[in-house]
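Chains as they are written, first to last, in the working numbering: chain A, 1 to 361; chain B, 362 to 868.
By construction, these hints were calculated from the structure, which means they are not laboratory data. Where is the CB? At the ideal position from N, CA and C, for every residue including glycine. Mixed in with the good hints, there may be bad ones.
[Said to hold, decoys possible] Far from chain B by the CB rule (all over 12 Å, computed), these chain A residues:
#  : residue
1  : W14
2  : S113
3  : M178
4  : Q187
5  : L220
6  : H224
7  : F226
8  : F228
9  : Q235
10 : S236
11 : A240
12 : P327
13 : I353
[What the hints assert, rightly or not] Residues from chain B that keep clear of chain A, each with C-beta distances beyond 10 Å, as calculated:
#  : residue
14 : T540
15 : D676
16 : R681
17 : N685
18 : A705
19 : M708
20 : L716
21 : L775
22 : G852
[Said to hold, decoys possible] From the structure, some residues in chain B lie toward chain A, with a derived Cβ separation under 8 Å:
#  : residue
23 : M423
24 : D426
25 : L514
26 : A704
27 : G728
28 : L729
29 : G733
30 : G734
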Amino acid sequence: MIALERRPQPSRVWSYLSPILAVIVTMVAGGIVFAALGKPPVEAIRTIFWDPLFGDFADYFRPQLLVKAAPLILIAIGLSFGFRAGIWNIGAEGQYIMGALFGAGFALAFYPSEARWLIFPLMVVAGTLGGLLWAMIPGLLRVRFKTNEILVSLMLVYVADFLLDAMALGLLRNPEGMGFPGSRNLQQYPAAHNAELIANTGMHWGVIAAIFAVVTAYILLSRHIFGFNVRLAGQSPRAAAFAGVSANRMVLICLGLSGGLAGMAGMFEVAGPSGQVMSSFNVGYGFTAIIVAFLGRLHPIGILLAGLLMALTYVGGELAQMNLQLPRSAIQLFQGMLLFFLLAVDVMTNFRIRFGRREVA
Amino acid sequence: MTETLLALAGLTKAYPGVIANKDVSFEIEQGEVHALLGENGAGKSTLVKAIYGLVKPDSGAMHLDGKPFEPGDPKAARAAGIGMVFQHFSLFDALTVAENVTLGMETPPPLRDLSARIREVSDQYGLPLDPTRIVGDLSAGERQRVEIIRCLLQDPKLLIMDEPTSVLTPQEVEILFETLRKLKAEGTAILYISHKLEEIRALCDTATILRLGEVVGTCTPRQVSAREMAEMMVGGTLHVPEREAGRPGEVLLTLDGLSAPSPQEFGMPLRDISVEVRAGQVLGIGGVAGNGQDELLLALSGEMSVAPDMVRLRDRAIGRLPPNARRALGLCAAPEERLGHAAAPDMTLTENAALSGKTRKNLVRNGLVDWGGARDFASTIIDRFDVRTPGPENVARSLSGGNLQKFVIGREILQDPDVLVVNQPTWGVDASAAAAIRQAILDLAARGTAVLVISQDLDEVMEIADDFAALNEGRLSAPRPVAGLTIEEVGLMLGGAHDMEVAHVEA
C-alpha cells in the first residue's frame, strides 16, 4: 500500500522543485490536450515556450513579455501578502478594473491638460486608490460582519466588469468617437500616456513599479516586522494574537495592499498598452496573478520568475492561436492546469510517500 | 490464583532517529491495576499505542489470554477487549453524551436503548452522568466519565488510562478511584499511566518503570516511597525546588471586578474576579480545566480586551492595552498551549524568540527585525534553560513538548518582567524539567517579580505558591496562604466534586 506520511519539517528541496515539476507535468498534460484537439503537441509547446523568445519574430514578442509580466507581477506581489496571512483576495481582477477606471477617469476629467508632471503621478495615486477602495469593501465587510472575503471579493469582480461596460458606453465614452463605445485613447493624450521608456523594450512605468514592488516585498518579508507578522498570522493565528498582531488590522492591510497594487497595475495598463477604457479591457490578469503568486511560492523572487513564465504563456498562446489555430480557451485551460498540478505536486513538500503498511504514529 | 491477561515480550519500536521502545517485556495480571511510569519521551505512549493497535511494533510479541495478539488497528484491539481513555478527549461539544457514545461504536443500538445502558453502567460503577446533556456544558471530570463509559459499554478486559487525573479535583479523583477499584474487583485489568506518584501508591498493585524506551525496574508502589520511584524514573537524584521566604513588596498587579464573556463558544466567562499580586509573591490559581483559566490568561496577556480599570499594573489601567503595550510596561505571559499559541509550530526558535520577546528585547528598530539579536536571544534561552535542540534554526514543532515548554517559559522569564502570568507551566513536562521550570519561577519571584501561576496540578501549586485561590465557574475565591492549607480544603475551594448526583440544574 502506498501511504502519505507527514514530514517532521517541510522539505526545502521539494518547495523549490515542485514549481519546476509542475511546469513539466503541465507541458506533458497540455501536449496531450493539444494532441486531442488534433494539433501537433510538440510544435504547440514549442510555439508557446520557445518561439516568443528565440523564434523568427522574437524581436517583436520579447517586449510583449515585459508588458504582460508587469501587471501579473505587480498584482501577484500584492496578493502574496494576503495569501501568506490566510486572507484570500480572489477579486484582484475587479480591483484592477477599478484602478483603470479611477486612473483613466482622473486623466480624462482634466482633458486636455498639458501638465504631465501633475497628471501622470496623480493618475498613479488615483488608480491605486481605486483598487484599494474596491478591496476595502470585502475587507470592511469581513471585519465588521464576518463575511467571507473570498466570495465578496469574487462577486465584486462582476460588479466592476459591468461598471467598466457602463463607463465605456456612458460617462467615459469618447465624445469624438462617432458613437463607438470606448474612451478617448490615452496613448494620444501625452500628459496621461504611460509610454515605453526605451523604444522596443516594452519597458514602461508599470514595469518599473513591478520591479520596485518585488524588491520592497523582499525586504518586507525577510527583514521587516510586517512581513514577520504576515507569516505569523498565516501559520498560526493564535500565536499571532499572542504576539500582538490584530487579526482585523491584518485583513484590512493585506486587502488594501493587494487591492492597491492591482489598481495600480490597471492604471498602468489603461494608460499604456491598452490605451482605452473599453469592455474588452480586462483579460484576466487578476485571476492569472493568483496562479503566479502560488507558482512563485508566494516569494517575491519566485513571483518575478513565475510572472515572466505566465507572460510567456500569454504571448506564446497568442502565437499558437495565430499559427496553429489553437483555441483561446485551450490556452486558458493550459494556465489553469499549471496551478492544478502545482497544488498536486505541492503535497510532496509536507508529506512523503511511503510504501508498505500504513501506520498511525 | 491470578492469571496473566496480557504479556509483552521483547517489544521494540524504532522511529527515524529514536528508539521509542527497546525490548520491553512485562505482564499484566487479570484484575490488576498496573502502573506505567516514566518521564516524557520514555516511550509510554508508543507502548500503549502498540497495545491499542495504533502502532505496529518492529519486533517482539504480545499475548492476550495466552493467544498471540497482533491488533492491526484500534477496532481489532477493541474487539479483543482492550479499551482506552485518552488524555485528550475526543468528544464533540455540540452533541449530547449519548450521541457522542454512539459515534464511537461499530453497530450503535437505538439512542433510547443506549441511553438506558449508559444510565445502567453509570449507576453500576458510581459514575453519575446524564446521557441527554450536551457535552459542551460538562466539566472535565464529566467528560472523562463519557470516555470511560464509552469503553465500559464494550466490556473490556483491559482498560488503558492515560493520565486520567490531570483534569480532576481531589474529590473527583476519589470517585474515579472507587470506579477503578470496582472494575478491578470484577476482574478487569487496568493499565494506568501517570506522573503522579502518590496516586500510583494509592491505587496500583504493580508498577513498570520506563526510561529511554527500556524497562528499568518494576516495583510494588505501596512498598516504596514516591521519591524512590521518581529517582528510578529520572535515573538520578531529583532536585526539589527551594525557595527563600521573601517579604512581599508593593502591589504590582491588581484585578478589580474583572468580568468578560469568553471569546470561544462553550468557553467560560470571567465573573467579577478581584485579587492583588505583590512583588515577590507567587499566587497560585488552581481549578479544573474549563473553569476560566484560558480566558483569564487572555485577559491578562492582552489578547482579550476588557474595561481599562479591570486590570491594573502598578496604578496604571491596562485592561484595554494590546499585548505588546503590556509587555513594554512589564507584564509577560506564557499561555498553556505551547504549539499554536505560545509558539508558531513551523517557525524557527529564532523567530519564536522574537514572537514575544521583540518588545522588551528591542528586536525591532525602524520596523526592521534584528534577526541577529533574535538569534542571540534564542541561544541564550536554549543555554540557560537547557533546551535540548541542535540549535535556534530548528522549527518549534521539531522539539519535544517538555523542551518547547522550557523554551516558552524561559523566553518570558529572561525578559525580566515585573509581572509574570503562566498557565500550566509544567503540563506534560517530565519531572526533572518541571523542577527546573518551577525553580526558575521561584528565582524570578525572589528577584521581585509578581508571579501568577495558573495550574491544574495541585501538587505544583502547593509546592511553589505563597497563596492559593481557586477558579471555579469563572469566579475566583479569596486567596489563602498555602501554609497550613490541607488538600481537602483545597478540594472544597475548587468546588468539590462536580455533580455528585446526576445533575439537572445548571450552576
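- Query: Is the nearest Cβ of chain B still more than 12 Å from the Cβ of H224 (chain A)?
  - Reply: Incorrect as stated: the minimum Cβ-Cβ distance to chain B is 5 Å, not above 12 Å.
- Going by Cβ atoms, does T540 (chain B) stay more than 10 Å from chain A at every point? holds (29 Å)
- Per the CB criterion, is G733 (chain B) less than 8 Å away from chain A? Since the shortest Cβ distance to chain A is 11 Å, the answer is violated.
- Query: Is the Cβ of I353 (chain A) more than 12 Å away from each Cβ in chain B?
  - Reply: The claim holds: I353 (chain A) sits with its nearest Cβ about 15 Å from chain B, beyond 12 Å.
- Message: Hint validation: G728 (chain B) versus chain A, beta carbon distance must be below 8 Å. Holds or violated?
- Response: holds (5 Å)
- Cut-off 8 Å, beta-carbon criterion: hint that G734 (chain B) touches chain A: violated (12 Å)
- Query: Any Cβ of chain A at or closer than 10 Å to G852 (chain B), or is the non-interface label fine?
  - Reply: Holds, since 32 Å exceeds 10 Å.
- Task: With chain A as the partner, please determine if L729 (chain B) meets the hint condition of a C-beta pair closer than 8 Å.
- Result: Holds: closest Cβ of chain A sits about 5 Å from L729 (chain B), inside 8 Å.
- Would the least Cβ to Cβ distance between R681 (chain B) and chain A come out above 10 Å? Fine: 13 Å to the nearest Cβ keeps R681 (chain B) off the interface.
- Query: Minimum Cβ separation between Q235 (chain A) and chain B greater than 12 Å?
  - Reply: Non-interface label on Q235 (chain A) violated, nearest chain B Cβ at 5 Å vs cutoff 12 Å.
- Query: Would the least Cβ to Cβ distance between W14 (chain A) and chain B come out above 12 Å?
  - Reply: Fine: 15 Å to the nearest Cβ keeps W14 (chain A) off the interface.
- Message: Verify this label for me: S236 (chain A) is non-interface relative to chain B, using a Cβ-Cβ cutoff of 12 Å.
- Response: For S236 (chain A), whose nearest Cβ neighbour in chain B is about 4 Å away, the distance does not exceed 12 Å, so it is violated.
Violation of the numbered hints given earlier is confined to hints 5, 6, 7, 8, 9, 10, 11, 17, 18, 19, 20, 23, 24, 25, 29, 30; the remaining hints are satisfied by the structure.
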